[in-house]
Structure formats: C-alpha cells, structure tokens
Amino acid sequence: MEQIAFFVLALLSIASALVVVTNRNPITSAVALAFNLVSIAGLYMVLDAQFIGLLQVIVYAGAIMVLILFVIMLLNLREEAQAHPVGTFQRVLAPVATVLFAVAIGRGVWLSTPPVFPAASAGYGTASSVGRELFTTFYYPFEAISLLLVVAMVGAVLLAKKKLS
Amino acid sequence: MIDPRLVLLVSAALFAIGVAGVLTRRGAITILMCVELMLNAGNLAFIAFARLFDGPEAQIYVFFVMTLAAAEAAAGLAIVIALFRLRGTTDVDEINLLKW
Amino acid sequence: MLTLIWLIPILPLAGVAINGLLGRRLPKAAVGLIGCGVILASLLLSVGAVVELAKLPADARHFETSLGTWMPLGELAPGGAGVTIDWGFALDPLSAVMILVVTGVGFLIHVYSVGYMEHEEGFARFFVYINLFMSMMLTLVLGSNLLVTFVGWEGVGLCSYLLIGFFYDRPFDERTGLSCADAGRKAFLVNRIGDFAFVIGMLYLITTFGTLEYRGVAEAIEAGAGGHALLVAVGILLFIGACGKSAQIPLYVWLPDAMAGPTPVSALIHAATMVTAGVYMVTRMSTLYVHAPEAMAVIGLVGAATAIFAATMGITATDIKKVLAYSTVSQLGYMFAAAGVGAWTAAIFHLMTHAFFKALLFLGAGSVIHGQHGEQDITRMGELRVKLPVTFATFVTGALAIAGIFPLAGFFSKDEILWGAFSSGHRVIWLMLALAAGLTAFYMFRLTFLVFYGRYRGDYHAFEHAHESPKSMTVPLMVLAALSVIGGWIGVPAALTRGADVNLFHHWLAPAVASGAHEAAEGAAHGAGTELSLMALALAVALVGIGAAWVIYRRRRGLADSIAAAFRPVYILWRNLYWVDELYEAAVIRPFYAVSRFSAGFDKWVIDGLVNLSAILTDIVGQLLKLFQTGYVRNYALLFLMGVVVVLLFLATV
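Protein chains in written order, with the working numbering: chain Z, 1 to 165; chain U, 1 to 100; chain W, 1 to 654.
The set of hints was computed from the structure by calculation and includes no laboratory data.
Be careful, since some hints might not be right.
If the Cβ cut is set under 8 Å, some of the chain Z residues that face chain U in the computed set are [said to hold, decoys possible]:
1. Q3
2. A10
3. I14
4. A15
5. L18
6. V57
7. L67
8. V71
9. L75
10. A94
11. I105
12. T113
13. S129
14. L159
Beta carbons are placed, not taken as given, at the ideal position from N, Cα and C, and that holds for glycine.
Please put together the full structure from these sequences, using the hints given.
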C-alpha cells in the first residue's frame, strides 16, 4: 500500500517538476510547482513525517506559491520567449553538466544508503516530538530564524517600494 | 517497504530537474521557482535520512530550510520587482551590464 | 706631535667641510684664508712631526699609529691566520720627505690660487676641491699599508677629475674637439686602467702574504715567502698602476689634456704631487722590487723611453702649458728610470727638486696667462720680460734648474740619477737619459725665448694690457725660485766635496728604502773621477741644448721653420704627438663603443624584451580569461555547476 502511494506520488512530483521547467507560461509553471509541492508533502506523509508534511502544505504550497503567483500577476508576465542559450558554450555544456551531475549524485546515493528503513519509533514525526526538540535543543536557532524573518520582511519592503521622488 | 535508495533517487532527480531549469529558463521568477524545486528536493532527502536515523533533528532542519526558503522567496521577489521597475523586463539575459 | 700624524690628512678636510657648506656665503677673503689656513696647519704639524722623527736614532726612525680596524677579514685560506686591515698611518724618512714637499709646495700653490682664481666664479668650489685633494694626497703618503694608500690614490684621482673639469662648460682643444669635462673624464678613465692592475697586485699580495702593511710585506719578502714569479708579476702590476697615475707610456695620454684645468691645479696635481704618487709607491715597495729584478728592468726601460719620447713632443708644442706637461711626463720618466736601476734615493731627490721647479714653472706660466688675460699660445707671445719682470726672473730660474745647470737644484738630482744608471751598468738607460737632458734644456729655453724675448707676436691690444701679477701670486713664485736654487744643496754627492760625505738627503732616506744596485756600486768599480767627468758631460749637454735654443729662436729667425721643413716627416710626427691618441681612439675606444652599443641594444631588446614579454603574456591570459565574464547569470550558474560536478566526481573516485 505504501509502496503504491510512494510510486504514484513520486511520479506526480517528477512530472510536475518537468512541467515547471519546460512550460513557457509562467502561470502554468507556478501551478505545476504548487502541484509538485503538494505531492512532496504527500511523500513526507508516506515517510511518517506528519508534522513536516503539514507544514509543507501550509507554508510552501499555501504561502510561498501564493506570493509567487501574486508577483507574476502584478508584473503581468507574458509567455516567455524561446530560451536561446547564450553561445555554444551554454548550449553544449548545460545538458552535459546536468547529466553528469545527476549521474554522480545518483550513483553516490545508491551506493551509500542501506536498502531498508528501520522501524520508526513511537511518536516519530509527531508535532510534539518535533516541537520538543525545537524548543529545547534548537532554541537559539529558532530565535535567530525569527529574527531573520523580520530582516527579510524589512528588506523586501525596502526593495520593492516605489522611490519617493 | 519503501526502498530508501529510491526516495533519494527521486530527490536527486528533482534536484537535477531544478538545476536544468535554472540553466535554461530566461524568466527571473521561473528561475526562482526552480530554485524552490531544488530546495524541496533537499528537504526530501533530509526527511528520508530522518526516517533512516530515526530522529527528530533532520525534521527540524527541514523546518529551518522551509523558513529560510520563505524568507528568500520574499526577498528574491522583491528584487525581481525592483529590477522590473528598472528595466521593464524580467528577462535575465537583458541584465548583462557586468560583462567585460 | 708624532702621535698626531693622523691629523695631517684630516685637517684639510675641515677646510672642505667649512668651505663646502658655507663657502658660497662667505667673502672670498675668508674662503681663501680657511683654504690656505688648514694647509698651513698641516704643514706646521708635518714639520713638527718630522723634527721629532729626526730625534730618533737613524735606524729606528719609524713611527706607526692606527685609527682603528678597518676590515677584519678573518681567514683568507682555510686554516690560515686571520687577516685584518687597519686605518694605519706611518711616518718614516720617506713619508717625511713626501709630506713636507706636499704640504710646503701645496701651501704656496694655495696662496697663489687666491690671486689667480680671484675673478673666477666657483672660487669656493675650487678651494673645496684642492683641500680635498691635499687630504687625499696626504692619506696616500702617510698610509702604513697599501690599502690606505689606495684610498688616497683613488681620492686624488677623483679630485684630479673634479679639478680638470673645473670649468665644466668650457671647450678646451679645437684640434680634437675635447671639452674640459671630457679631459677630466679622460684622466679618470686612463687612471682607472692603472688602478685595475694595482688592485690585482694588491690581491696577490694579500693572498700570498696575508698583509698589506708595507713593513709586513717587506719582512715577509726578506724571509723568502712568495715565489720569484709572483714577485715579478706583482711588481709589474703595481708599476702599471703607477704608469696610470704618473703618466708613463702607455698611460700618459691624459696628462697633456689635463691642462684644461686651472693652472694652479696643473702646478699642484700634475707637477708636484699627484703624479709623483707612482714614484712614491714604487719606492715604498723597493724591497719587493729588489727581489724582482725583471720588474725593475721594465721600470727602468719604460721610464727612460718615456723621458725621451715626451721630450720630443715638448719640442714642437705651442701651448705654454702643454710644453710643461710633456716636460713633466719626461721628468717622471727620469724618476722611474732611477727607481728601475735601484737609485731609490735619487728618484725621491729628483721628485723633490722637480716639485720645486716644475711648480715654479707652472705658476709662472699661470702668471703669464693671467697677465695676458687668457692667451696660452706661445707663438702669439714674446717680449713679455718687460711687462712681467718678476715672473720672468723666476721662470728663467726654474728653466735653468730643470735644464740641470750647476749649482741649481736640478743639476744635483738629475746628476745623481745619471750616475746611478751609469754606475750600475745600465749604459743604455744612461744614454737615453743624457739625450733627454739635452732635449729638456732645448725645449725649456725654446719656451723661455719665445715667451719672454723677441717682439710680441700676438694681439697688440693684449700686450698693452699685460701686467705683472699681484703679490699673492708673485711671492710664491719667489719662494719656489729660492727653493729651486738651494734645494739641491742637501744632496751634494761626495764626489764633489772630495770625499766629505755631505749627502744629507741620501743619509736621511737610505734606511727607508732597500739597498739597490746603486749603493752597491757606489765607490766600488768607478771612482770619483768617473763621476766628475760624467757631471761635466751632463752640464755640457745642457749648455749645448740651451745654446741651440738661443741660436734657433733668438739669432736666426727663419731657422726654426727651415729645420722644421728640412725634417718635415719628423716634425709632423712630433707635432701630431705620434698620433697616439688617434691610435687609442681607433684601437680601443671605437671597439669599446661598439661593444657598448651592442650591450645597450641587448639590454633594450632582449632583457627589457623578456620583461615586456612577461607583461604581454599576462595581458594575453587576461584577455582570454575575460571572455568568461559574459554578464549572463545563466553562464555563471553553469560554471558553478561544473565546479560542483568536478568536486563530486573527485569525491566519488576517492
């Protein structure tokens, strides 16, 4: 059962990722990305990380994607022109490098991971277990991250506002 | 049971697709979206390892990555807006003043 | 006073410092006072020191002092003794004679210069330079080892350059196109050739004997150290150095052109002191030369040959100073010939008397030039004895002295040299020197008659304004004339006094020099009779020379020209100075310039080219690398990815 869910979700995510990368319309890419994010959330659930999966849906698919869509609409982006790569250099090397890269990672990953998941402990992936860790061991990073969010907010407002002429 | 190696392969594939997107696309926002794709691929790998090592630490890393991705998306989009105001386009090939 | 001998060369430096720093702002009287005053101080100090030296017993007259260690060299050969060189100064009879001559004649010339240089700009600069010269010359003479002497040696060469080129913006010789600055350079460069040989000689000495102290080397040689070949080689090398400094063949060419300098310079440096440094040095190393007879033979021959050679050039010269310059070269040849036959004391005796009358002659010439406002060509002079009476009287005294007329100084010194040559068996050298004596008398009186007698042949306007020189110039002339008369009387040979040994000079100097052939032959094979007849012969030769000059230049007017026409090839040869300068120009200077041009080109194209090449290469690499900066973000991302892939592959294989 799990395996079927896994395969389906995996396929969905890969397919939607391909759409993101290849479609010329930015709106289509955005929607495909949302799809991808949700399927990845599903993958998280399959892997017993319930809390994170929830967060993925709420934050990523819910907030970030909406933000991106907002901006696309704001700038009224049309279809993208045909991506002509700049120079032979890019045209030849980009696919080569990407393939090499994928092969290298894939091979490395395949050879270094055990083939079976161990049994999950009780309370693995629940909000309480993650929360407990977060507010005890990772307290300082947590506070720092909240500070970072403030900074990002201020930065975004400053960058995007119209200049007072 | 699911083979962890397959999970990681999926993650690798997603990441490679994201990389291809960054190298190929011309729209600034589309490139940002591909970057999000790559980040998610990384998150997936983290979750797989969390499950392998049976601990909450990796999940917390994912938590942080997500937060950072949000902040980065906000700032990046602000930059794109500022750039659009300046150049009238989000085509990254038009932004080439640092050439030799 | 003896312990203060190191002050003797240092005192003139005070003059250098004061006049050098403040001279421009001081009145000329003050500059002159300081410049002459320091020399007077050195003179008095020298006199005091020599008096004290004389109180010591004859065989212990040697005093050394040191201002400290100069070069602690350590071992020159592994396992050898440590070698050090000190700032040593020594006073012995030889250097005593030298410092008295240098400071005495030097002082007179300094006083003369106050009058002579009165109207020249650069008055203070002049005194700075000649004070520096005096300091260097005294260092040369008082040094207790070859290296301190060499410091002075180089120093006087430098001052000679500075002083010859004193009028640095004036041209000098129309025939060769030389300027005064060129003449100074020529002197320095020719000197350098000699100095090179000198240094090599010193290097041989220090590596063989481990010391450059005169006493140390003499003792080592007496003890038998150093092979014969080495001693001959060193002797010849040092003599080459002396040839450069004392203008012997083949390095004499700078001295006639050195007349570009002011006349007091010619008197001081190129007559009385600097050029005698070579003679001094050879005499100092007499112990070495006595053990290297081949080197002495070379010295003797070169000296005698130079004596005749230079005399012939003096016969046809027309510049008053150049005649005197050739005369100096010739007389220096006499001194070296004396050294070469072992008559060391005779050489120094002649050095001293020559300083007196040659300085007198040069200063007299300066007075003539000064009185005529710059005319130096004797064919445009004449009848000057009525206008410059004191100059005339003193000049004639000097001419008689140099011709060797009894009882003036030159007679005794020249005669001792001739006797030394004859009695030690060097008959050829004796003959050459005797011939040169005749020529000397001839050209000196040719000069005298052309300048002071006859009718004035130059611009009559100049003759009207010709006047005697001021007291500051005529008083030194008179003092030197007096010295030229009595200066020989301290060296009267025994032959003339019927056995009474009153040759004070010889006694004074003998302990300081090696005993040579001269002493050995003294009184042995040849008796007083031979000596007397040779004296008479020399006197006769001198009188013949004077008579010939009188006839040619006073009695029969056209005779000079008809002789010149009759012996035209010889005349042309002498007039053009045997084309030696031209020979050097073609054989040495032109090839040297060619090499220099080649080197300059090599430096400019190859060496600079290599440096430029590295810059060009860097530029090319930069041009290539800049192609990576396309401005497109996607290219940068790709490069980034490529880097990551490389790292991954690397990690995968590890």
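Notebook entry, point to check: Which of the listed hints are not met by the structure?
Noted result: 4 and 6
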